[in-house]
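A.B. asks: Respectively, the protein sequence lines represent chains Y and B. Its first residue numbered 1, the first sequence is counted upward by one per residue in my numbering. Its first residue numbered 1001, the second sequence is counted upward by one per residue in my numbering.
Where hints are given, some of them may not hold.
With a Cα cut of at most 25 Å, we get these calculated DSS-like pairs of lysine-lysine [unchecked claim]:
1) B:Lys1127 <-> B:Lys1058
2) B:Lys1058 <-> B:Lys1036
3) Y:Lys85 <-> Y:Lys29
4) B:Lys1068 <-> B:Lys1002
5) B:Lys1127 <-> B:Lys1248
6) Y:Lys58 <-> Y:Lys163
7) Y:Lys371 <-> B:Lys1058
8) B:Lys1371 <-> Y:Lys58
9) Y:Lys85 <-> Y:Lys2
10) Y:Lys2 <-> Y:Lys68
11) Y:Lys68 <-> B:Lys1371
12) Y:Lys371 <-> B:Lys1068
Some chain B residues well away from chain Y (every beta-carbon gap over 12 Å; in silico) [unchecked claim]:
13) Gly1116
14) Leu1139
15) His1177
16) Leu1222
17) Met1247
18) Pro1252
19) Ala1353
20) Lys1371
By construction, these hints were calculated from the structure, which means they are not laboratory data. Every residue gets a Cβ at the ideal spot worked out from N, C-alpha and C, and that includes glycine.
There are 2 protein chains.
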Amino acid sequence: MKRADIVVIGGSAAGLTAAITARRHYPEKQTLLIRKEEQVLIPCGIPYIFGTVGSPEKNLIPDAVLSKNEIQLLIDEVVDLDREKGEVTTAGGESVAYDRLILATGSLPAMPPVPGFDLGGVFPVFKDVAHLSHMQEELKGISDLVVIGGGFIGVEFADECRKSLQANVSIVEMLPHCLMLAYDEEFCTEAERLLRERGITPITDTKVSRVAGNDRVEAVELDGGNAIPAQAVIVGIGATANLELAMKSSLPIGPTGGIVVDRTMRTADARVFACGDCAEKISFFGGRPSPLKLASIATAEARIAGANLYGTRRENIGTIGVWSTAIGDTAFATAGLTESLAIRNGYSYVVGAAEAVNRHPGGMPGAYPMKVKLVFEKRTGVILGGQVMGDKAAGELINAISACVQRRMTADDIAVFQTGTHPALTASPIAYQFVNAAEAAIAAAR
Amino acid sequence: MKRADIVVIGGSAAGLTAAITARRHYPEKQTLLIRKEEQVLIPCGIPYIFGTVGSPEKNLIPDAVLSKNEIQLLIDEVVDLDREKGEVTTAGGESVAYDRLILATGSLPAMPPVPGFDLGGVFPVFKDVAHLSHMQEELKGISDLVVIGGGFIGVEFADECRKSLQANVSIVEMLPHCLMLAYDEEFCTEAERLLRERGITPITDTKVSRVAGNDRVEAVELDGGNAIPAQAVIVGIGATANLELAMKSSLPIGPTGGIVVDRTMRTADARVFACGDCAEKISFFGGRPSPLKLASIATAEARIAGANLYGTRRENIGTIGVWSTAIGDTAFATAGLTESLAIRNGYSYVVGAAEAVNRHPGGMPGAYPMKVKLVFEKRTGVILGGQVMGDKAAGELINAISACVQRRMTADDIAVFQTGTHPALTASPIAYQFVNAAEAAIAAAR
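If we strip away everything but chain Y, and leave its shape as in the complex, we get:
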């Protein structure tokens, strides 16, 4: 029987980062990572395989990172976990004893509860090279593609497929707007305008009633009776935690369907940790269960889990939710609560927004309008979240906002925040959007 001090199950963002962190913190411990995939896909890069990047092979996490960090690798599927013995068993018949175990088993694509999803040409998004290669083959030459789900994954798939296929591309979203769980309405409206400009048809406030066809999909039928022709359907409506092993070994499962962990990422079993999409999350705001699943949340959790294996070194402050995407050259990014989420969470709040070009003077190359909207708790002035739309540097500005959210900075703290600005890189210090949005909120609260 094999044995390793630390066994990590899962080789994607959470598993890999947990293993690296374990090695960094406990270099004297042997660390073994077990995963079922021959090759591991960069999860967030998957939609880009279908356009910009070109193939699954160009979107892989290189295994060199494992050897470089002296992490042993076993490619096999773990099918059983005996927590009493401290031992996992693989499909290949291997038994591996562990001293500490990290579950990073990820998630599986959710499927809507309507008929027709078993037809040929209907594709959930599995993080699997063969599946995605097959999907790419099947999409070639079609004239009508329907994407079900207008969240990040749906929007990114639609945009990328539109780039590479000579096809009509529609997105069907049941909420009033695409991306509505991530952004406030004014941002969603702009995103939809950009999608239309790029030849994509968002069909919002609309549910799918059935996927129709004989062997293969022929149309997507909508509530209300309309139907859209489709030779292929991509389903991007979210993901559910992969709990197979956790269930088999009777680990407690939380209200959003993740493995229950404490703030150190420890499960009910003191020797077993969980992180990433398979782990239950608690919101930074109010401490309620959080259904968010993002690779960046997974890696942050993995850096906590990996450090705590032999002693508590780090605690999870709760899930903030920081995300970004791009439609063409326009980036969209959010950290923490949007205005709509602040309402839903019962906060009294005040908002402030500011817009300016990201260069100064405006004639500098790369000048592009950039808007920042911030939400503050009304009584204390503490920031609850921020949204950015515009220049690609929004992808980093949102991390400045995230830092302020994590440290519960107030609107006044942010108004006098010491920023760096430069003509070729940002707005002017007078017009700097993040700071002025805070000033606007202070003025609005008066």
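Model the placement of chain B on the given structure of chain Y, informed by the hints.
C.D. replies: Just chain B now, with coordinates in the frame of chain Y:
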């Protein structure tokens, strides 16, 4: 005699922002801004006039921002300040009574104490449209330009002039490297490599002994005996506070030559505030006098001064120093202390660095290597500063680092920092440089 509740002297970054902030916080008060310039230049944009932007007229702060904020404007030079009467007098013979006064008189270019700086063709950088237009005319057709001073201003001027002139461009810097007050050696070396690649000759570790010529400059003579031919010289060796009014009215001056202010930006006179380049600064690190002068520091101070005019609402936490520049497509940015500054300030410290491309997978368009180096106080793990080199988004990433510095986050806080990442915008969450640099520092401290 004229009268205004609030009088602001100076129309650049500090004065303008102070006036806007005063209006935001005290909308019932009349606010008058007095400045001597007909047109106000965007200060950080000045080097770019000489290449990318093309003329001073394309680098102006529009006066619309004054009218929009209901700020009155008087274009005239204030020549006297009587604090007992609460009154300023202008060169045009106007007297203006104030209830609260903000001094934002800025700085003047420093000149080195060596002979020849009065020759024709030698240009200090005054923030004045006519001066800069004249300078632009005089540079036309020259074959050799020498820039004295290899700080930001010198480097940016050299790069922009090289773009627009058919001339040999040299930078003479007395320190061992260009940009050495802003970055650690490895960043400076890369900056110098880029400058050379762009046809600029950095001459470092070298002092100017004399600017030679008859009426006009003909050469720059260096310590050691060498001389560089020059038909024009640009002097960018720093700036000294413009104290004329403060001295006339006997306001105390601090050790770095700025008007002494407390943490509310109030001078020794309870009715008089100062901010920006003319105000004395205290470092965030150790509370020592700080000689830094930046537009972004000026605006942060102005947002404090303007809010405190009729009651203390905001305090200055001390100057961190956040700056950025770009040489071609490569951005350089710093927040807080570099490793060399940490040594000079007597800190026991530990550093961590991480490098990765700013996209994932690396085949995404815009992929560009990006390096982050962080400096932490050894015993507490509190971050002292960070440097970023690479993608233009460094201009915003440095603001995330600045937020962490301001909130004295530790390496462990940053290692589990909740970031947003996206294939088209940033490194992957596994490789994210800021977080991995913190992890590297933790490993190094062990």
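A.B. asks: Work down the list of hints and note, for each, if the structure agrees.
C.D. replies: We went through each hint and held it up to the structure:
1. Distance check on the hinted pair: Lys1127 (chain B) and Lys1058 (chain B) sit about 14 Å apart at the alpha-carbon level, within 25 Å; holds.
2. Under the criterion of a C-alpha separation no larger than 25 Å, the hint pairing Lys1058 (chain B) with Lys1036 (chain B) is consistent with the structure, at around 20 Å.
3. At most 25 Å may separate the alpha-carbon atoms for a hinted pair to count; Lys85 (chain Y) and Lys29 (chain Y) meet this at roughly 19 Å.
4. In summary, the hint linking Lys1068 (chain B) to Lys1002 (chain B) is supported, as the alpha carbons are separated by about 22 Å, within the 25 Å threshold.
5. Restraint check for Lys1127 (chain B) and Lys1248 (chain B): the C-alpha separation of about 23 Å stays at or below 25 Å, so the hint holds.
6. In summary, the hint linking Lys58 (chain Y) to Lys163 (chain Y) is supported, as the alpha carbons are separated by about 17 Å, within the 25 Å threshold.
7. With a C-alpha separation of about 23 Å, the suggested pairing of Lys371 (chain Y) with Lys1058 (chain B) holds against the 25 Å cut-off.
8. Between Lys1371 (chain B) and Lys58 (chain Y) the CA atoms are separated by roughly 23 Å; this keeps the pair inside 25 Å, and the hint holds.
9. Distance restraint check for Lys85 (chain Y) and Lys2 (chain Y): the Cα-Cα separation of roughly 13 Å lies within the 25 Å cut-off, and the hinted pair is therefore satisfied.
10. For the hint linking Lys2 (chain Y) to Lys68 (chain Y), the alpha-carbon distance of about 22 Å falls within 25 Å, and the restraint holds.
11. Restraint check for Lys68 (chain Y) and Lys1371 (chain B): the C-alpha separation of about 19 Å stays at or below 25 Å, so the hint holds.
12. Taken as a hint, the Lys371 (chain Y) and Lys1068 (chain B) pair is honoured in the structure, with Cα atoms around 19 Å apart against an allowance of 25 Å.
13. A cut-off of 12 Å between C-beta atoms confirms that Gly1116 (chain B) is not in contact with chain Y; the least separation is 31 Å.
14. Remark: the non-interface label on Leu1139 (chain B) is consistent with the geometry, its nearest Cβ contact in chain Y lying 19 Å away (cut-off 12 Å).
15. Taking the minimum C-beta to C-beta distance to chain Y, about 20 Å, the non-interface status of His1177 (chain B) holds against the 12 Å cut.
16. Distance check for Leu1222 (chain B) against chain Y: the nearest CB is about 30 Å away, which clears 12 Å, and the non-interface claim stands.
17. For Met1247 (chain B), the shortest C-beta to C-beta distance to chain Y comes to about 27 Å, beyond the 12 Å cut-off, and the non-interface label holds.
18. Once the 12 Å rule is applied to beta carbons, Pro1252 (chain B) is consistent with being away from chain Y; the minimum gap is 24 Å.
19. Interface exclusion of Ala1353 (chain B) from chain Y stands, the closest Cβ pair being 15 Å apart, more than 12 Å.
20. The claim that Lys1371 (chain B) is not at the interface with chain Y holds, since no C-beta of that chain comes within 12 Å of its own (minimum 14 Å).
When each numbered hint is compared with the structure, no violation occurs for any of them.
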